[in-house]
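Model the placement of chain B on the given structure of chain A, informed by the hints.
What follows is each chain in one-letter form.
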Amino acid sequence: MSNVFGKFKPYNTIIHRLDPRLKFFALIALMVMCFLPYGNYANRFIVLGVLALIIVVIMIIAKINPVSIFSSLKSLWVMMIFLLIIFVFVQQGVDTSSLHPMIIFPNGYTLYWEGLLQTLHVFLRLILMLCLTLILTSTTAPMDITYALDWYLYPLKLIKFPTQIVTMIISLALRFIPTLLDESQKIMKAQKSRGVDYNRGFISKKIKSITTLIIPLLVSCFSRSVELSLAMDARGYDPYGKRTSYKILKFHVRDLVSLFVTLLIMSLFIMACAYSSFYPGADNILKLLFGVEAF
Amino acid sequence: MNKVLEVKNLNFTYDSQEGKQTIKNVSFSVNEGEYVTLIGHNGSGKSTLAKLLAYLLEPQSGEIYINGVLENEKNIRKIRQSIGVVFQNPDNQFIGSTVESDIAFGLENRAIPREKMIELVNKYANLVGMEKYLNKSPEELSGGQKQRVAIAGILALGLKVVIFDEATAMLDPEGVEDIKDLILEMRKENPELTFISITHDIEEAYLSDRVIILNDGEIFLEGKPEDVFEDEKKILSIGLDIPFVLKLKNKIALKGINVPKDVRTIDGLSEFLCGRLKQKI
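Sequences listed follow chains A and B, in order. Each residue of the first sequence is one higher than the one before, starting from 24 at the first, in our numbering. Each residue of the second sequence is one higher than the one before, starting from 640 at the first, in our numbering.
Extracted from the complex, chain A is given alone in its bound form:
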């Protein structure tokens, strides 16, 4: 379980040292950029290609292997095939006159190139989003993400929403993930030694054997939570009381620079989006540049 996808790895790169609040903002900003409408498919692929390039560069700086995402997420391929079936075989839109036919079956049923392109497009978007999230989670300690969240929840404090309770819950949950993983491993071993087989059998049998893991885990979770609450109580935790914070987030020059870079990238993408939607001639420029007929 040591090499879980997206697990925080404590390297000391510039990406790791960036302020978590900034990373959070950049994540959301770049995710939105994945989903802006960039006109026709040629435009979309060029824009997403540029975004992919930026993401790959960030990944290399952060010492994440960009190829690892494919090997660590095998289910991605299943999803790709699923999307392909949906987009290629399910007829899209009513007006098919502007689409480019790929295969025409004898009974008149047509598969269009657009279906294939759309699959690729959605797939690319998903992969880019995954990469972005991966960058955040593998370069930011879980607790730092909580601090960032706490900072972003600040407006809710003004309407007397107890944000500190929410962040305390999240940070405790994060704190106990490794402990409970450890515990589940122990329970699994204990049950295996009593003859439970987690690996073989039909799904119904597997589900049955999983209950032998889930129930002891839940029971121990409850007893842990009781002890934890006592320990917190003993150290004077008052959820509604005023607390100071040991850890404070500092905004460095590098964060400011990165913020500008993020905003710059954002504005470029927004411009590309605006350009392609308001200027119909965009297709022709692409044709001029790459000599391809834009879809």
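To be clear, the hints were calculated from the coordinates, so they are not data collected in a lab. Bear in mind that the values here come from a model prediction, so they are computed numbers and not experimental data. Even glycine gets a Cβ: it sits at the ideal position worked out from N, Cα and C. Don't take every hint at face value.
[Claimed, not checked] Take a look, some chain B residues computed to stay more than 12 Å from chain A by CB distance:
1. Lys647
2. Thr652
3. Asn711
4. Ile718
5. Lys755
6. Gly768
7. Glu770
8. Met825
9. Asp870
10. Gly895
11. Phe911
[Said to hold, decoys possible] In silico PhoX-like cross-links for lysine-lysine, where the CA-CA straight-line distance does not exceed 20 Å:
12. Lys642/B <-> Lys270/A
13. Lys717/B <-> Lys270/A
14. Lys265/A <-> Lys717/B
15. Lys228/A <-> Lys212/A
16. Lys265/A <-> Lys713/B
17. Lys775/B <-> Lys32/A
18. Lys30/A <-> Lys894/B
19. Lys762/B <-> Lys270/A
20. Lys209/A <-> Lys183/A
21. Lys273/A <-> Lys755/B
22. Lys775/B <-> Lys270/A
Okay, now just chain B, sitting in the frame of chain A:
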């Protein structure tokens, strides 16, 4: 002597165990700077008593005064500033994500300014020997180290009374020795700090200032360890054992050598015997 903790006619029954009283009419007091051990077999009500003392449970009847303050819902802030508990399971009391944030947790609750907090965290991390691990997360630490962090977190609060509720029960022998040494060091460092240790460890009890033996929720025996453990049959009758050093002393006494009462460690005993040998020569 200044009485820092006073317990008067304490009674307690868990809701789930109707009819069976866990704590029956317990009264005792603890002086400032004293090191008291509470022993008893499983189910004798030791841990319940610890929780009652720290007001983590509310007694059905009876009164507890901590530092002159009556323990009730109204005085909860004052109670928390006087008494703290280190629990048994090192994992379940590690609240922060790193060593430093865990030590700081109690300080954050008290709204102590950040500069002061950093100073205290460093001071107490040093005291328990965890200064090199400040950035480590709990899964990177051993049970003994986690327990030391928990102790630092409690000590940093500057309390009057610290309760160790079987704080060494889940540790390996090395960890246990570490924590015992730490207790001695702490008492040297801060002689005003009162320690109440709830334990199964008879040897530890033998080295404390005073022993209280609980049996079925009642105080069975109370007094200096050398007096309490004197009546071997009585101790054995409630399922407890007597300390190894005492056993040894009893065996030696059969040979006609009377070891003084205040010799309570193996080292002390061997020193005494060597002294005797020298005299003879």
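Verification of the supplied hints:
| no. | hint | result |
| --- | --- | --- |
| 1 | Lys647 | holds (22 Å) |
| 2 | Thr652 | holds (18 Å) |
| 3 | Asn711 | holds (15 Å) |
| 4 | Ile718 | violated (9 Å) |
| 5 | Lys755 | violated (9 Å) |
| 6 | Gly768 | holds (20 Å) |
| 7 | Glu770 | holds (16 Å) |
| 8 | Met825 | holds (18 Å) |
| 9 | Asp870 | holds (35 Å) |
| 10 | Gly895 | holds (51 Å) |
| 11 | Phe911 | holds (41 Å) |
| 12 | Lys642/B <-> Lys270/A | violated (38 Å) |
| 13 | Lys717/B <-> Lys270/A | violated (26 Å) |
| 14 | Lys265/A <-> Lys717/B | holds (16 Å) |
| 15 | Lys228/A <-> Lys212/A | holds (18 Å) |
| 16 | Lys265/A <-> Lys713/B | holds (18 Å) |
| 17 | Lys775/B <-> Lys32/A | holds (13 Å) |
| 18 | Lys30/A <-> Lys894/B | violated (67 Å) |
| 19 | Lys762/B <-> Lys270/A | holds (17 Å) |
| 20 | Lys209/A <-> Lys183/A | violated (42 Å) |
| 21 | Lys273/A <-> Lys755/B | holds (18 Å) |
| 22 | Lys775/B <-> Lys270/A | holds (15 Å) |
In terms of the numbered hints stated before, the structure departs from hints 4, 5, 12, 13, 18, 20, listed from lowest to highest.
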